[in-house]
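Visitor: These are the residues of each chain, in order.
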Amino acid sequence: MEKGKVNIDYNNPVIRIHGLEKAFDDYEVLRGIDLELFQGENLVVLGRSGTGKSVLIKIISGLLSPDKGKVEVLGEDISKLNDRELQALRIRIGFSFQNSALYDSMTVRKNLEFPLVRNRKGITRKEIDTNVESVLDAVGLSQTINQMPSELSGGQRKRIGIARTLILNPEIMLYDEPTAGLDPITCIEINDLINEVQQRYNTSSIIITHDLTCAKSTGDRIAMLLEGQFQREGTFDQVFDTNDSRVKPFFDYNFIK
Amino acid sequence: MDTTDSTPIPEAPVRRKRGSKLKKSINDFFFSMYQINQFILKFFREAFVPPYEFKEVVRQCYEVGVRSFTLISLTGFIVGLIFTKQSRPSLLQFGATSWLPSLVSIAIMRALAPLVTALIAAGKVGSSIGAELGSMRVTEQIDAMEVSGTNPFKFLVTTRVLATTLTIPILATYTGFIALFGGYLNVAVNEGTSWRTYIQQVFDPLTFVDFTASLIKAIVFGFTIGIVGCYQGYNSNKGTEGVGKAANGAVVTAMFLVFIEEIVIVQISSWFR
Chain Z
1 MEKGKVNIDY NNPVIRIHGL EKAFDDYEVL RGIDLELFQG ENLVVLGRSG TGKSVLIKII
61 SGLLSPDKGK VEVLGEDISK LNDRELQALR IRIGFSFQNS ALYDSMTVRK NLEFPLVRNR
121 KGITRKEIDT NVESVLDAVG LSQTINQMPS ELSGGQRKRI GIARTLILNP EIMLYDEPTA
181 GLDPITCIEI NDLINEVQQR YNTSSIIITH DLTCAKSTGD RIAMLLEGQF QREGTFDQVF
241 DTNDSRVKPF FDYNFIK
Chain P
1 MDTTDSTPIP EAPVRRKRGS KLKKSINDFF FSMYQINQFI LKFFREAFVP PYEFKEVVRQ
61 CYEVGVRSFT LISLTGFIVG LIFTKQSRPS LLQFGATSWL PSLVSIAIMR ALAPLVTALI
121 AAGKVGSSIG AELGSMRVTE QIDAMEVSGT NPFKFLVTTR VLATTLTIPI LATYTGFIAL
181 FGGYLNVAVN EGTSWRTYIQ QVFDPLTFVD FTASLIKAIV FGFTIGIVGC YQGYNSNKGT
241 EGVGKAANGA VVTAMFLVFI EEIVIVQISS WFR
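Chains as they are written, first to last, in our numbering: chain Z, 1 to 257; chain P, 1 to 273.
Chain P extracted, bound-state conformation (with noise of 0.2 Å):
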């Protein structure tokens, strides 16, 4: 007997599976950005309401910043190294070299030093974040801060966010100069350029708009990375996998959206040019 023909193949319950599967993922997905929206507003809540956690946000401050800093002054010098140096072929040909330290400084200024210093931060500062929380979640350090009597979303999660909301601008601001600098030395050696005149270069096309836009967008990127991060570590599970995919979860989540506020706020940013 052919056993093929008298097995019937499920064909309407396979659609019916499929069908539940997708209006599950689509559930699944704005269920967690409603629980997103709700850590982002309980982030607000929690913020600006005493008692405050100065101490523990400067503590995390310094650790944002120790975390990153390394890695955030070799990259940015390299950045401003190369970029002055990969460009530098394309002046040339049409004799405009001297246009350099201004072509430069727009490129840092505007997109590269914010921007870079995001996508380190995302890596360094919000997987860390992620992985810190989601171990402190699977070992139940959160419950036990829940049950003593300290509010644990406003000692671990505001603290953490509001540290890398304030200090990545600073960071950002501090890639730029060092990115700067290595597009200097590059001009420097090739040019001969003094430092009074690059740096006359470097700030002479940049307006108002430009470092306003700019920190605006270290803004927004720290208090992304930030929330991601927490929001990943937080409400992980699923034991030491979990951490896992919370630090994962963390860094690759916020680079998503670094990407996708660098895109708006260039375009914003640009009416008002």
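With the rest of the complex left out, here is chain Z (with noise of 0.2 Å):
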């Protein structure tokens, strides 16, 4: 399905992120990023398995502390926050996991309605059911409501694992290999859905993936992540229009050259 027409906000980063730098041990993931994310925008970031794509989104939603640098998401500097500033600030974004991450001791409808109940006091059974149902209708999965995680397929779980991201309306979504492990018709279904996601909802999203298919038809900008830094970025096309032997077998293994 061909990407509608998003209204980007060129003016409104929500996401500031200046001269990052990560490390575990001796090993440096992360050599100092500059990014920015703007209002309305699905900003792909490709790059090599453990070159820290999903470091960068982990420290964005603060899982992991930064060792240097900036990171301004929403106007607030994270390290700079409190626990509770920070647990205020997560309920703005939405983070959808590599393997969905559902709690699997509760069925789907527990799972949607666990962040809602604890994070919206005093709402009624009539709102949270509203809430569940809406959200679940967007991914498309309304009949799997009583079932158990374990029942349902790899990308039923991570539609499922999107609507409970959807269900505190976020402002941003973090999207962790969203098509990994899929097969290619369930991967378009989850494209689609991201960029269904994206107007209905007018979040601005960072999609971390390695499937060309997934940043062509997802991403409105796209930022390659090369030895710890962003070394090309543009539109899909700009991006691939390169010689580089770092970038050129991404294409090319992608689109069967």
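Heads up, a few of these hints could be off.
Unchecked claim - No more than 20 Å apart at the CA atoms, straight line, and that leaves these computed lysine-lysine pairs for PhoX-like:
1. 58/Z - 110/Z
2. 70/Z - 80/Z
3. 121/Z - 154/P
4. 55/P - 121/Z
5. 110/Z - 121/Z
6. 110/Z - 126/Z
7. 154/P - 110/Z
8. 58/Z - 70/Z
9. 154/P - 55/P
10. 238/P - 58/Z
11. 3/Z - 216/Z
12. 245/P - 110/Z
Claimed, not checked - Per the computed footprint, the stretches of chain Z lying under chain P, defined by three or more beta-carbons under 8 Å from a beta-carbon of chain P, are:
13. 90–99
14. 113–120
Stated by the list, open to error - Cβ-to-Cβ under 10 Å is the rule here; a few derived chain Z residues that face chain P:
15. 27
16. 58
17. 62
18. 65
19. 81
20. 82
21. 83
22. 87
23. 102
24. 161
25. 164
26. 165
27. 167
28. 168
29. 174
30. 176
No wet-lab data here; the hints were simulated from the structure.
Ideal Cβ placement from N, Cα and C applies to all residues, glycine included.
Put the complex together from the two separate chains, hints included.
Guide: Have a look at this one:
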């Protein structure tokens, strides 16, 4: 499905990162990242496995702390927030995990209710049900409401994972390898869902992937993470219009040249 | 050419390697002690600061109770029955079988009931907590909870530790009575002692210190099982292997600590007798 028209406000960055560095023991993963994500934009971060793509979004969501640099999310410098403030900020960010990270002891309904019940004090039963039905409808899986995560397919789990983040109406979505391990048809469905979420919920998103089909169909801008830094950035065609031996194999492999 | 002569044996580096390995082990030990200490402090900081997770604590208490109930009932009964049976021949030699209920009650209420309960709970509950949290950690469910605005430590750790701390004393008391009942069946069959007489003889030698020490022991054991299980699971890594290690570590460490605590509390309570 072709991506519809989106409104990106290039005067309004929702994430600003400057000079971000992160190392694990002696291994420097991120070596001075500068990045801006604009309101309404889908930014795809491409890179090889182990280059720190997931580390980047974990830092943005406050799951990891940076060694150096400044990370501003929705106007807040995350290194200056206390636990309570960070918790409040996280509600405004949706995080879709690579393996969906559904609570496997809860049904789909309970999975979706969990963030809502815990973050919206005084919410009524009727409001909970309406919200749950609405996000399930958005991801096209209303029939799975009483199923356990173990009864769902990989694609369904991804969709429910996305639905669980949407239930809090996030302003930013972070997708960690949304199409990893899925068949091509399901990948297309997930890509369409990411675009639909962008338009329907007016979210700004960072999509971490090494699937170029996903990058091409969802990304308004692509940033290529190489050796701990963003070394190529632009539209899909701009990024891959190169003979750089670190970039070209991505394209050749994905599009079987 | 003799190759062995031309290949020098790097003695000094080996020594350095051994030295650095030992140094690393000592560092790791103290670092893990520090981490456990921080984990316990965090528990106290989170447990007594609102918002409280009452509903989840009650749910966890139910889980802990249900998980161990059948095994504890069976083990308690058998311990009482066997202990009475095995003690009889020794007392019979002195014609002192009438002391059997007193002996059984002191052994069970002072030592066996909390200890047996704790060991069973360490196996059933501790391993289950370690595996559950470990699995949640490696499948990023704990991270998912954190990014959705829930404090996972408060929701997962404090509730489970409070549940084991509250439930294991209740289970230990229950084990004590089931074991005494097992002892009664043996005494009744062999000596024809009535229930009323048996109960009187059982409670006569017990003092306030016995009950208090037993209760404190069970509380400490419960806390230990909960905190060790949660620590192992919450900090597990390395995928599915980490889950297994967390479950195993929860049982082994908790059992070891339970025995150490048993010795310490027995020593302290003996000063008050």
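Visitor: Let's test the interface hint: is any C-beta of chain P closer than 10 Å to that of residue 82/Z?
Guide: Hint violated; residue 82/Z Cβ to chain P Cβ min 13 Å, cut 10 Å.
Visitor: Decide if the proposed pair is consistent with the structure: residue 245/P and residue 110/Z, CA atoms, cutoff 20 Å inclusive.
Guide: 29 Å, violated
Visitor: Classify the hint on residue 164/Z as holds or violated, based on whether any CB of chain P lies nearer than 10 Å to its CB.
Guide: 7 Å, holds
Visitor: So, residue 81/Z near chain P? Judge it on the closest CB pair being under 10 Å.
Guide: Result: violated, 13 Å to nearest chain P Cβ.
Visitor: Does the structure keep residue 70/Z and residue 80/Z at a Cα separation of 20 Å or less?
Guide: 10 Å, holds
Visitor: Could you grab the alpha-carbon distance between residue 121/Z and residue 154/P and see if it respects the 20 Å cut-off?
Guide: Satisfied, since the Cα-Cα distance of roughly 17 Å is no more than 20 Å.
Visitor: Report holds or violated for the interface hint on residue 27/Z, using the least CB-CB distance to chain P and a cut-off of 10 Å.
Guide: It is violated, given that the least Cβ distance between residue 27/Z and chain P is near 16 Å, above 10 Å.
Visitor: Below or equal to 20 Å on CA atoms is what counts here, so check residue 110/Z against residue 126/Z.
Guide: Answer holds: residue 110/Z to residue 126/Z is near 15 Å, not above 20 Å.
Visitor: Using 10 Å as the Cβ threshold, decide whether residue 167/Z counts as touching chain P.
Guide: Holds. Min distance 9 Å.
Visitor: Let me know if the C-beta of residue 83/Z comes in closer than 10 Å to any C-beta of chain P, holds or violated.
Guide: 8 Å, holds
Visitor: Does the interface hint hold: is residue 102/Z within less than 10 Å of chain P, judged Cβ to Cβ?
Guide: 8 Å, holds
Visitor: Verify this for me: three or more residues of the segment 90–99 of chain Z with a beta carbon less than 8 Å from a beta carbon of chain P.
Guide: That given contact holds, which follows from 7 residues of the segment 90–99 of chain Z lying within Cβ reach (below 8 Å) of chain P.
Of the numbered hints listed earlier, those contradicted by the structure are 1, 12, 15, 18, 19, 20.
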